[in-house]
Amino acid sequence: MKKVDFKTLLEENKNIIGKICRAYANDEEEFQDYFQEVSLQIWKAYDSFKGHSKISTWIYRIALNVCLSELRKEKKRVDTHEYQPNYDIADDVDDHQQERVNALYAAIKTLKKTDRAIILLYLEDKSYKEMANILGITTTNIGVKINRLKQELKSKMYAG
Amino acid sequence: MQDELKNIWESASQPVEISDEKVEKIINKKSLNLVEKLTKAVRFEHIFNMIVSPLLVAICVWMEVYKLALILSAMLIPILLYYHFLIEKLYNHRIELNVYEYLKESYATLKRFILHYYLAAIFILLISLYAGYELGETMLGNHVGVIDQKSFNEDIYYWSVVAIISIALAYFFIYLLYGRKLRRLKKIIKELES
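Residue numbers (full-length UniProt numbering), protein chains in the order written: chain B, 1 to 160; chain Y, 1 to 194.
Mixed in with the good hints there might be a few duds.
[Stated by the list, open to error] Derived DEER-like restraints, expressed as beta-carbon distance ranges: (1) Y:ILE51 / B:ASP5: 37 to 47 Å; (2) B:TYR46 / Y:TRP62: 48 to 58 Å; (3) Y:ARG183 / B:ASP5: 51 to 61 Å; (4) Y:ILE77 / B:ASN147: 52 to 62 Å.
If you are wondering where the hints come from, they were derived from the structure by calculation, not from laboratory data.
No residue lacks a Cβ here, since even glycine has one placed at the ideal position from N, Cα and C.
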């Protein structure tokens, strides 16, 4: 893979990668670690990409695999419940929307790691079939979990 | 509600800038993946074995400790085959597998490594003790001619105690390094299975 193609691929998918890394990182430094590790793994694995699935599916797999299997550099972590950064939102969105984005991320971070993966894919509007393909679990399992997780997110977002 | 959540999610963007410098930095970065680190360690061990083992055999022959040279030579091929098998297994660990398969493969790899280090600790200790005995016997035999059986038995006793403590410590440190990670991976796999 050429560097220029890699840069384009990252540009096109930085939102996907960033959102997933953001949902698992406890601080900015950890976010950067995750983002760079996901990008590095994409660079290293790209030549083995066979095109059997969509490139986005392939990227979701890599990003979730990196975030779920933890990195070896263990730093002193900030408690996720206390860390409340302001996540960037699109320019045309008001303060109220920013608060809602923060609340959504905060609620996602209270979920178990595997549940976070499921809800992230749901929010990314993935079909059950595609989610099953990324996660390696059955569509029935996903359906059951999503209904529970939506309720959980709803109650957590509006509880505070 | 579900559309509302998706709308909020859609409005969150990522301010990550992808510059040429950043791309260069990523490409030249060392991976933080634990399995990759362990894989590199095994490759290094394999190369180290291929260089050092024949050297050790040559030194034993030079020192006329033929029995030890023979034992080391006999063990060399199984050890190299074992490493070859271990490295082959590591190729199964691919980041683009689905999440469940990848985590299971990471768990299996980590377990394999822990077992590998346990076995290596026992092997190195036993071979060191035996080599010490063989070399000591040869050197003492050459210089004194007769070994004092009583002090020899005492030495064996003390070295056995040292060996047991060393193995226990090695096990403890290996568990400390990888045990927690292993438990976390198992927990995530169980969550996916439930």
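Self-check item: Numbers of unmet hints, in rising order
Solution: 3
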